[in-house]
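Engineer: Chain by chain, the residues:
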Amino acid sequence: MTGWHLGDDILRRYVERTDSLAEGASVEQHLLSCEPCRARVSTAAVGVIDFAAVWDRTRDAVEVPRPSVFERLLRAAGLPAHEARLVAVASAFRSAWLIGVITIFAFAALAAGMGQARGMWLFLAVAPVVPCLVVASSYDPWLDPALEPELVTPYPALRLILLRTIAVLAIALPAVVLFGLIVPDKAPFAFLLPAVGFVAVVLAASTWVSPLRAAVVISSVWLAVVWLLATRSGPPGELLQAWAQAGFTLLAVASFVIFLVRRRWLRQVRPWR
Amino acid sequence: MPTASITLRDVGRTFGATQALTGVGLDLKPGITGLLGPNGAGKTTLLRLLATALPPTQGQLSVLGLDPEVPAERTSIRRQLGYLPQEVGFPRGFTAFAFVDYIALLKEWTQPAARHSEVRRVLGLVGLSDLGSKRIRAMSGGQRRRVALAQALLGSPAVLILDEPTTGVDPEQRVTLRTVLAEIARTSVVVLSTHQTEDVAALCERVIVLDRGRVRYDGPVTDLVHQAAGRVWLADEPDPEASVSWRTGTGRYRNVGPRVRDGAEQVEPSLEDAYLLLRGGSPDHEPREEVAS
Numbered sequence: 066m067t068g069w070h071l072g073d074d075i076l077r078r079y080v081e082r083t084d085s086l087a088e089g090a091s092v093e094q095h096l097l098s099c100e101p102c103r104a105r106v107s108t109a110a111v112g113v114i115d116f117a118a119v120w121d122r123t124r125d126a127v128e129v130p131r132p133s134v135f136e137r138l139l140r141a142a143g144l145p146a147h148e149a150r151l152v153a154v155a156s157a158f159r160s161a162w163l164i165g166v167i168t169i170f171a172f173a174a175l176a177a178g179m180g181q182a183r184g185m186w187l188f189l190a191v192a193p194v195v196p197c198l199v200v201a202s203s204y205d206p207w208l209d210p211a212l213e214p215e216l217v218t219p220y221p222a223l224r225l226i227l228l229r230t231i232a233v234l235a236i237a238l239p240a241v242v243l244f245g246l247i248v249p250d251k252a253p254f255a256f257l258l259p260a261v262g263f264v265a266v267v268l269a270a271s272t273w274v275s276p277l278r279a280a281v282v283i284s285s286v287w288l289a290v291v292w293l294l295a296t297r298s299g300p301p302g303e304l305l306q307a308w309a310q311a312g313f314t315l316l317a318v319a320s321f322v323i324f325l326v327r328r329r330w331l332r333q334v335r336p337w338r
Numbered sequence: 350m351p352t353a354s355i356t357l358r359d360v361g362r363t364f365g366a367t368q369a370l371t372g373v374g375l376d377l378k379p380g381i382t383g384l385l386g387p388n389g390a391g392k393t394t395l396l397r398l399l400a401t402a403l404p405p406t407q408g409q410l411s412v413l414g415l416d417p418e419v420p421a422e423r424t425s426i427r428r429q430l431g432y433l434p435q436e437v438g439f440p441r442g443f444t445a446f447a448f449v450d451y452i453a454l455l456k457e458w459t460q461p462a463a464r465h466s467e468v469r470r471v472l473g474l475v476g477l478s479d480l481g482s483k484r485i486r487a488m489s490g491g492q493r494r495r496v497a498l499a500q501a502l503l504g505s506p507a508v509l510i511l512d513e514p515t516t517g518v519d520p521e522q523r524v525t526l527r528t529v530l531a532e533i534a535r536t537s538v539v540v541l542s543t544h545q546t547e548d549v550a551a552l553c554e555r556v557i558v559l560d561r562g563r564v565r566y567d568g569p570v571t572d573l574v575h576q577a578a579g580r581v582w583l584a585d586e587p588d589p590e591a592s593v594s595w596r597t598g599t600g601r602y603r604n605v606g607p608r609v610r611d612g613a614e615q616v617e618p619s620l621e622d623a624y625l626l627l628r629g630g631s632p633d634h635e636p637r638e639e640v641a642s
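Sequence order for the protein chains is A and B. As numbered in my numbering, the first sequence has no gaps in its residue numbers, which increase by one up to the final residue, 338. As numbered in my numbering, the second sequence has no gaps in its residue numbers, which increase by one up to the final residue, 642.
Chain A extracted, bound-state conformation:
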């Protein structure tokens, strides 16, 4: 303590942060040892600093959850921040889509190692069912622990389901195509239409049964069909034929129409009927 105290002008510049670096350092050095001047800082700051806003920003930094990589991707894709959060917080997206993509990658690698025909069959068996399982898990009531409070909010369940479905497809399909490129021949692209078709079937079926149950049944049927075809013929040429791909397109369109027509019977909102 020297008996000298900060002048009003210096204090104002310090509070407004319009002082020079050297002056600011000098003021701080003085404040460390001068109790009366420290008290004057808070008085001078009133009206200059919005303490409530500073406090809110500080609390935001501590409390507001940081957006996940997936959420940032959704925002980058153009989804509004609040909807990106609603999509990304689904339990399924916290791990299921990542596990799904890794699964396909693993099977793609395995398929590549097994050689042309067997490898393609293996990839075709697994790749189309993963997106539909991830979509189903993104809105299955059994996997959503907070379902009941969610159910009675004004946010439309249908919109949430479609957003989550599109998010899965937008992220999973390109990733899987990329990984699928390591598989020989045209197989990586052959699974795309079955995958979209199965997702649409899950949506439609979830107006009768739970989405996860629908996805498991569809996956089982698909695996059985692939197994039958694989044991009957060599390479999976039949699935690459135009007529087969047209069939999957038709399946997707028909299922989506059924889903839209029966949307009020969705499993989530089903109690209300």
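Just so you know, not all the hints are guaranteed correct.
Pair ranges (Cβ atoms, derived) [unchecked claim]:
1) 93(A) x 547(B): 25 to 33 Å
2) 597(B) x 127(A): 42 to 50 Å
3) 489(B) x 314(A): 52 to 60 Å
4) 116(A) x 420(B): 42 to 50 Å
5) 372(B) x 127(A): 48 to 56 Å
6) 420(B) x 311(A): 30 to 38 Å
Treat the hints as calculated values from the structure; they're not laboratory data. Just so you know, these numbers come straight off a predicted model, no measurement behind them. Every residue gets a Cβ at the ideal spot worked out from N, C-alpha and C, and that includes glycine.
With chain A's structure known, arrange chain B on it following the hints.
Structural biologist: What follows is chain B alone, placed relative to chain A:
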């Protein structure tokens, strides 16, 4: 501003062959209404109907003058509704703030600054201001219950439906929550179900007793308590004349029954006494299984 209200006319709900609620007729106005009844009496089913989580299978229900059967009106109701279910699960890894913030998003709080401020307000109301960044998994049962309650309080709803809000909450916090609910009930319809008769006695001006899906009593708490006047007495042994008796902390037996034995020491009845008397306390009133829905 129109007065908030809920009306039920001959409302019933079945689950398959099970009749969970039968012929329920109620008019609910701002204030706190307590719902008492044994397990399986239909309390949770009634609350789910009021919260638009479940439709009635018979009768008519109107919430805030709107018909929940009509999708647009149901959405309007949900904009003014807070609901605490009996059991709330929390997504893995969520903090208290993140969970309430997530529900706030679903309740159309899209502006981040206003939403965060509202989330802090409701966490403050339930005494969790300093625990916003704590993971729910690391919280005690009572703290989790308060997180669940906080999401119901978002936006100061005109209708607040609470299924056992004070379960697991410590006595100090229960007193705080009672103050919060009493304040909300000045303008909102608050319906709460509980097994704690002391919560009903302390909070509610009106009580509804449900038994086997039917309303057994609907009226002021004081009137229900008054019905037990002169029917509660203390004795050194359990009285065979009593419908129900139990040993108290003093070592004496508190007896509740239709007739007091001559010369017995009568005591002031509590709401619990009145409730037990209403239910009869007989073995044929054993709780049924809770109706699953």
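Engineer: For every hint, state whether the structure bears it out.
Structural biologist: Structure-based check of all given hints:
no.	hint	result
1	93(A) x 547(B): 25 to 33 Å	violated (56 Å)
2	597(B) x 127(A): 42 to 50 Å	holds (49 Å)
3	489(B) x 314(A): 52 to 60 Å	holds (54 Å)
4	116(A) x 420(B): 42 to 50 Å	holds (46 Å)
5	372(B) x 127(A): 48 to 56 Å	holds (52 Å)
6	420(B) x 311(A): 30 to 38 Å	holds (36 Å)
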